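**Q** So you can see what is in the structure, the chains are spelled out below.
Protein chains: 2
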Amino acid sequence: MDALSKSQFPFTVEADDTHSSARAGRLLTPHGPIETPVFMPVGTRATVKGLTPTQLEDLGAHIILSNTYHLFLRPGPDLIEKAGGLHRFMAWDHPILTDSGGFQLFSLADTLKVDDDGVNFASILDGSKHRWSPEDNMRVQNQLGADIVMQLDQCTPYPCDKSLVETAVKRSASWAKRCRDAQQNPHQALFAIIQGGVFGDLRLQSVSRLLEIDAQNRFEGFALGGYSVGEPHETMFETLGATAAALPYERPRYLMGVGNPSTLLAAIAEGIDLFDCVLPTRTARMGTAFTSEGKLNVRNARFADDLSPLDPHCDCPSCTRYTRAYIRHLILSKEMLASVLLSIHNLRFLIALMARARQAILEGTFASFLRAWNSTPASQDF
Amino acid sequence: MDALSKSQFPFTVEADDTHSSARAGRLLTPHGPIETPVFMPVGTRATVKGLTPTQLEDLGAHIILSNTYHLFLRPGPDLIEKAGGLHRFMAWDHPILTDSGGFQLFSLADTLKVDDDGVNFASILDGSKHRWSPEDNMRVQNQLGADIVMQLDQCTPYPCDKSLVETAVKRSASWAKRCRDAQQNPHQALFAIIQGGVFGDLRLQSVSRLLEIDAQNRFEGFALGGYSVGEPHETMFETLGATAAALPYERPRYLMGVGNPSTLLAAIAEGIDLFDCVLPTRTARMGTAFTSEGKLNVRNARFADDLSPLDPHCDCPSCTRYTRAYIRHLILSKEMLASVLLSIHNLRFLIALMARARQAILEGTFASFLRAWNSTPASQDF
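As they're listed, the protein sequences go chains E and Y. Those letters in the first sequence? Residues 2 to 383, per the numbering used here, in order. Those letters in the second sequence? Residues 2 to 383, per the numbering used here, in order.
No lab work stands behind these hints, which were simulated from the structure alone.
If several chains are the same, the list does not tell them apart, and a pair holds so long as it fits within one copy or across any two.
List time: in silico SDA-like cross-link candidates among lysine to any residue, alpha-carbon distance up to 25 Å: (1) 171 - 242; (2) 83 - 298; (3) 83 - 308; (4) 130 - 302; (5) 335 - 78; (6) 130 - 335; (7) 335 - 288.
Remember, predicted model here, so these are calculated numbers, not experimental data.
Based on the sequences and whatever the hints tell you, model everything.
**A** As structure tokens, then:
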């Protein structure tokens, strides 16, 4: 472990892959351990759409993500704090990570104004005006009470002029320091966020700036932000590995907003530990299942009398109890249960995939596991 | 028990109330016993909206209702039969009752044509033309494979000319006989349906006609149809008791389509055993909770920071885990989980109310139980 590791959030690398940078780890939190690599289901508004916490537990979710931007606007952090924090408010007694809202601010708000001291933004709900300094954002995340909080950052779009990306890198690093100084709750881990867009030198500059701060006052983890914002898949991988490699070995690494199964496995090989994405649940609500055969549009007429499960290799209740024909019937009938059953399945698919990857790393077979995955038709479909 | 009770569906009255016609009973079915009085959650399209069978089991549902009319149109009885029947199709391994579709035909279909031999109707989905004789309807319900099937009947609206109601009574009785002759599956109980609208003499005429048929070929139960179609609450009770009293003692009595808690208890006092209604789940989807304080519109601003449960006297997971403030947040955010949690609660409210009524009947305290209920503000609110 690092020298400064008297953290309440010790992260241990339990095994390293010999052929890649993949590793299996374990992060302790006040609400229990998280085994990595891990996929975090997204519960933007304090609910993973349509699912109860019991259903999430049953499908093996270790940690879920919620969003500071949305919860700040509704129902507001004062209520959540009064309710005993986000865990009690949403009845999820396992780890939670809250995103700072940096991504939402820079992707949703067209009325946004940013300066070195913070951001002015308008509510998407009622147009009301707000301002967040890094300290304001930390205070809100402290009220929410997640186990892991993210720094306020400036996320740049793709494509984006390099000088603007560099400004965002510097500003995000300055905000990281201010968040680190402001975030004093020992029960919350703070992750810094690396920006730099598609520019390898700026990614490394971002890492250096954050490590300087880290040397004084430790971050419990690092996230790679500003990826998956529209750039080609290959472009992300041009800089992802070198960026991850520049980070401290025994600190968790979180790639934000990526949920494509093939991309997850490739990112694990580059040394990433945590992932989140709305993809599996959003895709589910559109009637599509992630399966070992690839993506399945269950609405398709060819499933009308298909009495096989969504995925014969899946152990989730949607697969062990229901047929494609039944779920298609629910989709056509616009029944809520379609979204529920497909969300359970798609989340289980990614969570089980992460568990299998972890097992392979622990057993020293990750290279062949990855080769096997990449030789399936499914891997090309994602 | 009746003379002819070699039924696969024995119904035993376990206790009679001394002050009213209320009784506690037990109906055996191939998928397990049903303790009465009982409320049956409605799963029109082979799903109780938004809930999994596990959630229904957990809230104590003994039996659910599904609808032949809707399932006939989509996904079609051939698919459900091929899937192994409705129980397997929807993964509900407890009793199911299918309504024949009589009510839907006469309330939904404006292109309907009825004659003594059956009904012509157009699909609400695609306008396609169909015809059902009583035998056709039995064949479809046989394919669906519910434990309890309902005869095809002609339901009259309110208000309705008495001569038209009398025609419907005669026709429904003739169809009851044809359904009885056609329905030969020993694993399915057939319930006859009493019509007669608000006319006491026609209700009794309907009972007589059905009992004549019953003397030859036994119905496993009797339902009171054509109530709760728009007539005032009091008007139903003018004829309900006498109609129920004219029915064989040891046969279950089912009042169709009623779900108001106060009405349920009053109907139990008149000797009714089974109920179904979309009210608790439909009300839930509109953001309203059934509680011991009455109906609660959870959307109301006064619940914005109310950290108490929907109903402090309720044992359902929605009440033991969540606050009104959280559920209101879900409603305002248009989150599916709002409907899920409120449906669980409202169903549990009615199911628990039925269980308490049953217990009171068994203990000989139903009169005081009913008095206590009727003295609460809640009873007036329903």
